[in-house]
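Chemist: Sequence:
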Amino acid sequence: GHAAFTAMRARGAQVTDIAILVIAADDGIMPQTKEAIQHIKNANVPMIVAINKIDKPDANPDRSMQQLTEFEVIPEAFGGQVMCVPVSALTGEGIPALLEGILLQAEIMELKADPTAEMQGTVVEAKLEKGRGPVATMLVQEGTLKIGDAVVVGTTYGRLKAMTDYRGEKLTEAGPSTPVEILGLSDVPQAGDKVEHADDERKAREVASSRVQDDRAKNLVVKNRGMTLQELRKKLDEEELKELNLVIKADVQGSVEAVRGMLEKVKNDEVETKIILSGVGSITESDISLARAANAIVVGFNVKPEGKAKMEAERQKVEIRTYTIIYELIEDIEAAVKGMLEPKFEAQHLGEVEIRVRFSFGRKGIIAGSYVTEGKVTRGALCRVRREKELVYEGKISSLKHLKDDVREVTLGMECGITFDNWEAFKEGDIIEAYEMVQINA
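For the sequence shown, our numbering gives the first residue as 639, with consecutive numbering after it.
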């Protein structure tokens, strides 16, 4: 997947007993494949490689296996210990061999869990659903999770009201290695939070509350540390740094992490993004109020504003941008940051003119009879006039004539008459350099 979902892939590796690395036989190893290999190594779990899409005409499983050796992943076919299974998710070819390989690896590892032990698990994903409240997808790793159990999940808690399996069917209990979706938590947990059994809901609330206080204390220390005094003084003195304030809402915690991680990198020397709030769920009136107070843009990923929130945004003139594709979201914010830059200009040379004669022309005053020796000159162009090596004038060409006609521009080899803004002290032999200022960060 997209580079933005790094955290999601890292969590996936951390909660597995055996990692299945999927490589497309036609594309081979891609940048995110390399990253996934590193996550698997960091998690220190055994790996089985599934080389998918072998049904495609340009499939080349041998090339994929050869590429794996570059990352110290040595397939069994090359004398290593990593099982590689060619498969086709489309036709089903090789899938039985892959499943058999997983069972064999589990047998070798002697994977066992005690369903009677104290329940432990990990949140894989979490979201806020309308009508259902906080919903967490978790993996039971030890013990057995039952309806009615009191649990602590990071800084949230609750008593389980409902539990479903990956097919959406209701469960009353779930043993080790069972992925389930649970309802009944007080708030949306963070993906990666540990799920722990508590004696009762009161005890669970006390533990969660204590963790909230600890987190606040840690955040206070971090915020107070902030930037160094030297950096703060420099920014205050210069008053140059601009901020694009953002409120981020997304459908699930993994999406929030992905969007937040990518947007925090969007900045340049003059403008940086500042995330005022990020959270799970639809865009609400309170999000709009916060955005209005902070002059922020509201960014929604796979979510939409509630009816009242949309009306409030129109009333308060708060911009809401919603997306379903992360590439488009990032590109738009990058464009917004670029648009906040102060325009920068550089001088672009137009041409040079030699003044050959001074003459009077009625109310026009003194005119410089000139000859274009290089490039072109335009009416209204900026110019520098040099006398030998000395700069004697810097300003603008106010009028331009060819013969008796006013013209917009003259080019190489043409004679012309030039007047300047409030300056007539030119001499024969002076050189006029014409230029224009061009925006370079448009």
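Don't take every hint at face value.
Said to hold, decoys possible - Here are the simulated lysine-lysine pairs, BS3-like style, with alpha carbons at most 30 Å apart: (1) K912 <-> K976; (2) K784 <-> K799; (3) K912 <-> K955.
What the hints assert, rightly or not - Restraint ranges, calculated between C-beta atoms of paired labels, are given here: (4) K841 <-> E902: 34 to 40 Å; (5) K912 <-> V683: 33 to 39 Å; (6) F983 <-> V683: 34 to 40 Å.
To be clear, the hints were calculated from the coordinates, so they are not data collected in a lab.
From the three backbone atoms N, C-alpha and C, an ideal C-beta is built for every residue, glycine too.
Chemist: Please go over all the hints and tell whether each is borne out by the structure.
Modeler: Cross-check of the supplied hints:
With a C-alpha separation of about 15 Å, the suggested pairing of K912 with K976 holds against the 30 Å cut-off. Straight-line distance between C-alpha atoms of K784 and K799 comes to about 10 Å, which keeps the hinted pair within the 30 Å bound. Of the pairs offered as hints, the one joining K912 and K955 holds, with about 20 Å between alpha carbons and a cut-off of 30 Å not exceeded. Against the hinted window of 34 to 40 Å, the Cβ-Cβ separation of K841 and E902 comes to about 37 Å, which satisfies the hint.
Take K912 and V683: their Cβ atoms lie about 37 Å apart, and the range 33 to 39 Å holds. The hinted window of 34 to 40 Å between F983 and V683 is violated, with their beta carbons roughly 56 Å apart.
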